[in-house]
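J.: Next come the chains, spelled out residue by residue.
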Amino acid sequence: MSNPALVIEHLRVDFPDVVAVNDLTLTVGAGDVCGLIGPNGAGKTTTMRAICGLQECTRGSVRVSGYEIAGEPDELKRQLGFMPDFCPTYEQLTASEFLDHFARAYDVPNRAKRIEECLELTWLTEKTNALCEELSRGMKQRLVLAKTLLPDPKVLLLDEPASGLDPLGRIELRKILLQLREAGKAVLISSHILTELSGFCNTAAIMERGRLVTFGTIAELGQKMGRRQMSVKWRADGDRALEILKSANVKNLETTNLGATFDYDGDTNALDELLKTLVVQGVRISEWRGTGDDLEQIFLQSGAKELM
Amino acid sequence: MNIFENPIFITQKRLAHRAGVLAPILIAALIGLSLLSGLIAYLADPGDFSFRSPQEAGKVFYGWTIGVEILLLVIGGFSKISRTLAEERKAGLWDSNCLTPLKPAQIVAGYWLGSGLREFFMAAILAGTGLVICALAKLPLALWPGTQILILSTALFFGLLASLVGMAFQKPQTGILLIGVLVVFYMPSLAFSKFTVTNFLLPVYSIANLFSGGDNSDRDWSGWPEIFGLSVPPVLLSLALQFALEIFLWRAAVRKTANPCQPLLLRWEAIAIFALLIVSQHALVWNTWHGAFGLSNNHSYQNGVEDDTLLAVTHCGTILIGVMILAFASPLPERVRLEALRAGGGNLRMIFSRSAVSLALALAAVASIASLTQFIFSFSDEGTVWAVAAANLFIFFLMFPLLLEFCRLRFKRRALGFVALWLFVLCLLPLFFLQMALWLAPALIVVGGVPLGEALRLSFVGCCRNWLAVGVYSLAFVFLMLLATLPIGLGWIALLPLCFLSSYAAYLDMFEASLEVLEAAPAAGR
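Protein chains in written order, with the numbering used here: chain A, 355 to 662; chain B, 36 to 561.
Among the hints, a few may not be true.
As the list claims (entries may be wrong) - Cβ-to-Cβ under 7 Å is the rule here; a few derived chain A residues that face chain B:
1. C406
2. D428
3. K431
4. R432
5. F436
6. P438
7. P442
8. Q446
9. S450
10. R458
11. A459
12. Y460
13. V462
Said to hold, decoys possible - Quick list of in silico lysine-lysine cross-link-like pairs, DSS-like style, CA-CA up to 27 Å:
14. A:K529 with A:K508
15. A:K508 with A:K467
16. B:K125 with B:K48
17. A:K630 with A:K587
18. A:K481 with B:K125
19. B:K48 with A:K481
20. A:K529 with A:K481
21. A:K630 with A:K605
22. A:K587 with A:K605
23. A:K587 with A:K600
24. A:K630 with A:K600
25. A:K508 with B:K48
26. A:K467 with B:K125
27. A:K605 with A:K529
28. A:K467 with B:K48
Hints were generated in silico from the structure; no laboratory data involved.
For clarity, every value in this text was computed on a predicted model and none was experimentally measured.
From the three backbone atoms N, C-alpha and C, an ideal C-beta is built for every residue, glycine too.
Could you build the full structure based on these sequences and the hints that come with them?
T.: Shown next, in the form of structure tokens:
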């Protein structure tokens, strides 16, 4: 893992009748996008609120870029951006006034320019002078994301950022998150819609009833969960491809139109070797996809679905 | 950070402007100008008015001006601040602000001073009009700044209280309910502001009482009471107490902004503020009782039984406020709460041994003994009425801190709103008994010619004997009050005359025959 930007150790949060988060230990490195996955009531939102100090922890510690909430809260707040699952906006302020409020609060240098940049990044430049109440749900979501990005935080906590977004909004959000990942931000993103996380998460943490079920990179988790399901498509030489696959001892081989699906027990290196063999033998591969790397598959195999 | 650079203040200012400040300012100007034009009309043609001098007319018109100012700044401001905070908490904006590097004090200050800006603008317009009225009527120079400082300090105090209420309660209405409770408790003191000199609400009362003496030009709040032999101007005393309470509330508000329901104060702070209230009030009441209060109208209270009992009730009320503050800002150690959470709820032993419940109960007992001392000295026939009220208050002393702490430890935090409702219901009980004594007393005095003390007693006894009819009438009247208030209070135009008529009808039913018999009996004897 790259340089850890967010370190959570033995975090526990108690509510009167329930332990919302129990002994959670998690690390997110700079440039990582970690998907926090779990059914409703798993403790995802509580974890995020506890990280930024909105929820009081019973015990455990949280460090953001080396700063602890108890020791250096101001520094921590500058390093951390939290986007809640709803869109808290001042309905009677314009988009730029709303951002100006937070830019002042964060004491952002060169305020006007930074506000412009954030509006541009979230495709809201045209709505600069529109009142927040006039914005659609998706636009409000993007505006709150722009607010979160204002102080240029090193760690971003995004709680169900795509809920309520239309397909286009989700595509836009994905692009923004990929940009943030490239910019070296550490992002912890929670969702129970797994397909929306698949596109940009490189690590994942699965929670259930407040406990961490499993945590690691997507590839590691795929392996940890055992058998990997693969899908391959070719332009020609299908027979030769099928022979190679059979000789590689793949399981549950099923042919489709110009392709096949199969289960494979080997590790990532063995899988790379298999692909190499196919290419060297002259099979013209048009698609090579590990469906086992899919977050949905990982989640289903993790067993953390009892509450769904 | 300068308050004018505070982002929350700036945003609240923007929101106030966006909601429109011109219309409220024009309304305030209209009220101010109508009062000013009344004075000008008197000065132009004094024969049309019953005032005996321009000063008297000025006092009346200025009194109305500052009355509206108090209403706007204190009540309106309180409501606005608590509502804004509760709504922003609900919307998640409070959390967003807490996540910024703004200091807790800056966040509180932003809401405290920014949310009620529209009310402040309106009050400023009225203050300006008041200044012109003072100048035209040639009222004493010190009157205007004195009253304005009192109004502003009270508004600031209430604003801070509103910030706490907004942070602690989920629903904005709860804040209004709380101020309702305060008003209910201090209702008896409204007419006798001389006794409530150490109450933090004094400025409002002293202003309300400022011109009540008619031709009495002495200001009640300019008297010099003695506290343990030292003369203290009541205004200064009141402001000092308000200042102390404001520091207390400020610390409470800023200590835990991210989670305002957490215990806010250290134990010694709560004890200190309670001690301050109880000592000063007790000493002052004692001195007043013995005629040491330099009252302007030279009344002696040494032998006035009614006044003594009233003092006791007032004393009781002040102590109660102390207990409320103590319980509201519970000095419960955080770890106790965490242990309660880990245990999946509180258990009685732990709550009593390690939380503030036992301390609150001990202080309530001290307060009750102090109050009882007063009652024992002032016990008389009329005292029976007050004793009933005192019993209610005593129950309340015990109930309130206990309920509050239990709710904190055993139930969800939103149960605080539920407690406030009970608090309100309990507050109404002593008031109901008081109302029984007051209801038919005016009719008995005016129509029946019965002396004051006897009228109060007869009214109370009459209500007790006809408890079923009075109960049904009260319930029906509460319903009618609500109904009358719904169409922006217009229903009161019909309800008020109905209220007087029904009082007279009740008086006829209950007393007319008895009084005739009483009158006839001596005549027959002769």
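J.: Next step is simple, just say for each hint if it's right about the structure.
T.: Against the structure, the hints:
1. Hint status for C406 of chain A: holds, given a least beta-carbon distance of 6 Å to chain B, under 7 Å.
2. The restraint placing D428 of chain A at the interface with chain B holds, with a minimum CB-CB distance near 5 Å, inside the 7 Å limit.
3. For K431 of chain A, the shortest C-beta to C-beta distance to chain B is roughly 5 Å, which falls under 7 Å, so the interface hint holds.
4. Annotation: interface hint on R432 of chain A holds; nearest CB of chain B at approximately 6 Å, less than 7 Å.
5. Annotation: interface hint on F436 of chain A holds; nearest CB of chain B at approximately 6 Å, less than 7 Å.
6. The restraint placing P438 of chain A at the interface with chain B holds, with a minimum CB-CB distance near 6 Å, inside the 7 Å limit.
7. Of the supplied interface hints, the one on P442 of chain A holds, with its beta-carbon coming within about 3 Å of a beta-carbon of chain B, less than 7 Å.
8. With a cut of 7 Å, the hint placing Q446 of chain A at the interface with chain B holds, because the nearest CB-to-CB distance is about 5 Å.
9. A least Cβ separation of about 11 Å between S450 of chain A and chain B goes past the 7 Å threshold, and the interface hint is therefore violated.
10. For the restraint placing R458 of chain A at the interface with chain B, the shortest Cβ-Cβ distance is roughly 4 Å, inside the 7 Å limit, so the hint holds.
11. The beta carbon of A459 of chain A is positioned within 7 Å of a beta carbon in chain B (closest approach about 4 Å), and the interface hint is therefore held.
12. The criterion of a C-beta within 7 Å of any C-beta in chain B is met by Y460 of chain A, whose closest approach is roughly 6 Å, and the hint holds.
13. Here the hint on V462 of chain A is broken, as its CB sits about 10 Å from the closest CB of chain B, past 7 Å.
14. Between K529 of chain A and K508 of chain A the alpha-carbon distance is near 18 Å, which keeps this suggested pair within the 27 Å criterion.
15. Proximity of K508 of chain A to K467 of chain A is assessed by CA-CA distance (about 20 Å); at most 27 Å being required, the pair is judged to hold.
16. About 20 Å separates the Cα atoms of K125 of chain B and K48 of chain B, which keeps this hinted pair within 27 Å; it holds.
17. Between K630 of chain A and K587 of chain A, the direct Cα distance comes to roughly 15 Å. Compliance with the 27 Å bound is thereby established for this hinted pair.
18. Of the supplied pair hints, the one linking K481 of chain A and K125 of chain B holds, its CA atoms being roughly 26 Å apart against a limit of 27 Å.
19. Distance hint between K48 of chain B and K481 of chain A is fulfilled; the C-alpha atoms sit about 22 Å from each other, no more than 27 Å.
20. With a CA separation close to 20 Å, the supplied pair K529 of chain A and K481 of chain A stays within the 27 Å bound.
21. The straight-line distance between the Cα atoms of K630 of chain A and K605 of chain A is roughly 19 Å, inside the 27 Å bound, and the hint therefore holds.
22. Proposed proximity of K587 of chain A and K605 of chain A is supported: the alpha carbons are some 17 Å apart, at most 27 Å.
23. For the hint pairing K587 of chain A with K600 of chain A, the CA-to-CA distance comes to about 15 Å; that is within 27 Å, so the pair holds.
24. Restraint check: the Cα-Cα separation between K630 of chain A and K600 of chain A comes to about 15 Å, which is no more than 27 Å; the hinted pair holds.
25. With a CA separation close to 32 Å, the supplied pair K508 of chain A and K48 of chain B exceeds the 27 Å bound.
26. Of the pairs offered as hints, the one joining K467 of chain A and K125 of chain B is violated, with about 31 Å between alpha carbons and a cut-off of 27 Å exceeded.
27. For the given pair, K605 of chain A sits about 36 Å from K529 of chain A by alpha-carbon distance, which is inconsistent with the 27 Å threshold.
28. Restraint check for K467 of chain A and K48 of chain B: satisfied, since their Cα atoms lie roughly 23 Å apart, inside the 27 Å limit.
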